[in-house]
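Engineer: Guided by the hints, dock chain X onto chain D, whose structure is given.
Residue numbers (the working numbering), protein chains in the order written: chain D, 1 to 345; chain X, 1001 to 1554.
Note that these hints are calculated values from the structure, not bench results. Possibly wrong hints are sitting among the right ones.
Said to hold, decoys possible - Just so you have them, the derived chain X footprint on chain D, three or more residues with Cβ under 8 Å:
#1 17–23
#2 62–75
#3 139–151
#4 158–166
#5 182–192
#6 251–258
A virtual CB, placed ideally from N, CA and C, is assigned to each residue, including glycine.
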Amino acid sequence: MQSWIPLVPDSASTLSWKVDAIYFYLSGITLFFTLLISGILIFFVIRYRRRSPYEIPRPIAGSHKLETLWTVIPFLISMTIFGWASSVYFQQYHPPDNAVEVYVVGKQWMWKIQHSTGQREINELHVPVGRKIKLIMTTEDVIHDFFVPAFRMKADVVPGKYTTQWFEATKTGTFHLFCAEYCGMNHSGMIGSVIVMEPREFDNWLSGNTNSASPAAAGQQLYQTLGCVSCHGANGEGGRGPTLAGLVGRKTPLVGGQEVVADEAYIRESILNPQAKLVEGFGPIMPTFQGQVSEDQLLQLLAFIKSLPGGSSQPQGTASPAASGSAAPRPVASPAQPNRPAAGQ
Amino acid sequence: MKAEEFELPPPSRVNYLNATYGLKSWLLTKDHKRIALLYLGSITFFFFIGGLYALMIRLELLTPQGDFLQSTTYNKVFTQHGIIMIFFFLIPSIPATLGNFLVPMMIGAKDLAFPRINLLSWYIYLIGGVITIYALLAGGVDTGWTFYTPFSTTFSNSYVVATGLGIFINGFSSILTGLNFIVTIHTMRAPGMTWFRMPLFLWSIYATSLVMILGTPVIAITILLLAFERVSRVGIFDPALGGDPILFQHLFWFYSHPAVYIMVLPSMGVVSELIANFSRKNIFGYRFVAFSSLAIAVFGFLVWGHHLFVTSQSVYAGMIFSFLSFAVAIPSAIKVFNWTATLYKSSISYDTPMLYALGFIGLFTVGGMTGLFLAALALDVHLSDTYFVVAHFHYIMVGGALMGYLGGLHYWWPKITGRMYPEGWGRFSALVIFVGFNLTFLPQFVAGFLGMPRRYHAYPPEFQVFNVLSSAGASILGLGMLIPAIYFVWSMRYGKVAESNPWHLPGLEWRTQSPPITENFDVTPVVTWEAYEFAPPEETEIIGKFGSELEQPA
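Chain D on its own, in the form it takes in the complex (with noise of 0.2 Å):
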């Protein structure tokens, strides 16, 4: 996957010119440094190469004037390289508000990932062009990486968690996904391809694949089997347990007065273990589903949550079709597309 300049990577998203930007820069600057150092150094060389066995130099006095200059110079282009890089990072790891979701499970050795259209992939994730993506991701076993290299995009994909990252593709083709973190005998062997599409494309492919039930669907199938309707309603309007509709992103008081965004990894954790930060006015009664639902199903449920109408949340899904108000370039791919504020990360 190069471009035309073999030694620079193939740049297919929004952001990967921002980077290389910044690695231009840095290269300049490397390349400015290291050729004055082994300039002056092979100078020196030759000028004072030893003439005769006797020669003796005389000796030479330091200098604050030079020593404050070579310490603050360094030190200032640093700061330029800092500040420009800090601020790109920000946007790597800040998932605009109205991008599409998508579900990355990792596995020794394959990356599993459902649109949040139900659409399901193995080592190989569909996109539109020009459209917001954010994945959020966790693995089923080990520590694994998501990396795009075509999209200057990488994460970690941690067990116990979910990471989130997202891009924006600014051209179709097929770009390498890898695992980039070390994970046991078949690493090498983790990888896959993001196909970008046109849109048109895109929503043929959507609806060539074999339709299974969108997450969110899903998840309301789990929270039925589960029994988690007994407590928290049909819809998540809550009863011996805490109201989840219009839950997620939101700010919660628990039990001992602290409050906590009701996060992905908040949800996540209160599934498993209950009782780790127990919602205000709530007692200590919900059992764990640790060992009960896979990291798949915890993204169902997840979805299904998320969907649930109410509060800063948006219905997504199968849910209910109802509009979303928020600015963003409506997707053209699916009529159930999610849109709605990005829940914290």
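Structural biologist: Frame of chain D, contents of chain X only:
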């Protein structure tokens, strides 16, 4: 005092090498010089094992398919390459050999403060080494030298605990060596050898020792926790039991990042010696170079989080670690500028050690500057865990640490063995190593930027060209390493007999015979000169318009 002027007593036929005979006299020796040689032998052994692993890696990566080794074997090979090279070669390399030999000699002492502890440290190193070798022979370990959880605790079916035990035990040898150096430098300096008259090698060894003492216990704790977790599922790192796998990475890098400075600081010390002595000039900005070693040692402890920029660590923590990582680069830059300035109007010889020192400055500059790429947050997101990282740290560890070690070994070889190495071969191999090294690792920067992940047994074909270049370079590098191995051994018997002071230098270690007597000096020396005092201080020159604020050498 001019180098040629001082008088030496006529060399005695007895020296530390032939003072006593027999295996027992070596295995029970308390002489720091003999212990240095014991270390030299053992780390060389480990170096060649680690080198063989490197060779296997480069052979496998010649072609995109995984055809030379199976993936499980390949994973063990790169893991063991890392473990052997880092824990059993690079970390002990300069401190345990050159440091052991030279710390007492450079301060005018008879031995280290604790000679028995010094011997003990070698035995501990050996026990750690034997256990690790056992683990490798029994089946090896495949976790990567970084032992990331939960792979290492739950999923790996290899000899994790045995290898960990080897590293754990080996750590104590490092702690004891560091302790010995610190006490020795504090308490055993000869009359007149003030802190600021010490050769800069001692400052860097001192700074290294601080890191060894403060950092190594943390890796010991980390390995212990890892073993507990693996054996009895205590739930420190396993999320299913309420642990946090990222916690392991914090603990691991809290030691392992400073460990990079354990490897490279002594090498910087050697380079300071080489630059000054082979240009017959006092080091420009002596105090800045000395204190920059301490600054590196201190700041080195505050940057571990830059290994975790893509692990979902808080972006704000990432910013702090990024800032500190840029800050730690500054003292290194100060050193490079001062070394360069030292050469101004000096008298430079082209002897082998100087070639290594000059090579070091060039390669370390590249290694350090590419470190900035990885400290820059947004760029690290793309580059981390790719071959860019591999290239970067090899520039630091091979281009930096190893070049300094080889330079130092050539420089002090006549003092250590009493024989000269063959100068022509020395220069030739330095050149071969320099070329081979660059050919091996420069292409890896490009492969990494293009996206080739590290620790890949097979890779997409478009990366092949870089890997072929790299493997070609590695074979040149490997051959380049064999040449000194051969001529060093050869020179011990057939080399030209060395004078006491073959390079005509003022340092204390050159004011005694080669090889030295067991007590190092006949009479405890009294130091009345500054470090690197080739010419009288009255002759000191002030450069141009920078003369208003002087740092006088005296």
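Engineer: In terms of beta carbon proximity below 8 Å, does the stretch 139–151 of chain D have 3 or more residues touching chain X?
Structural biologist: Holds, because 7 residues of the stretch 139–151 of chain D bring their Cβ atoms closer than 8 Å to Cβ atoms of chain X.
Engineer: Can you take a look at whether the stretch 182–192 of chain D is actually covered by chain X? Rule is 3+ residues, C-beta closer than 8 Å.
Structural biologist: Since 9 is at least three, the answer is holds.
Engineer: Are there at least three residues in the stretch 251–258 of chain D whose beta carbon sits under 8 Å from a beta carbon of chain X?
Structural biologist: violated (count 0)
Engineer: Establish whether the coverage given for the stretch 17–23 of chain D by chain X is satisfied; the threshold is a Cβ-Cβ distance below 8 Å, and no fewer than three residues must meet it.
Structural biologist: holds (count 4)
Engineer: Are 3 or more residues of the stretch 62–75 of chain D near chain X, judged by a Cβ distance of less than 8 Å?
Structural biologist: holds (count 10)
Engineer: Given that the stretch 158–166 of chain D was listed as covered by chain X, double-check it with a C-beta distance under 8 Å for 3 or more residues.
Structural biologist: holds (count 5)
The structure fails hint 6 only (numbered hints given earlier).
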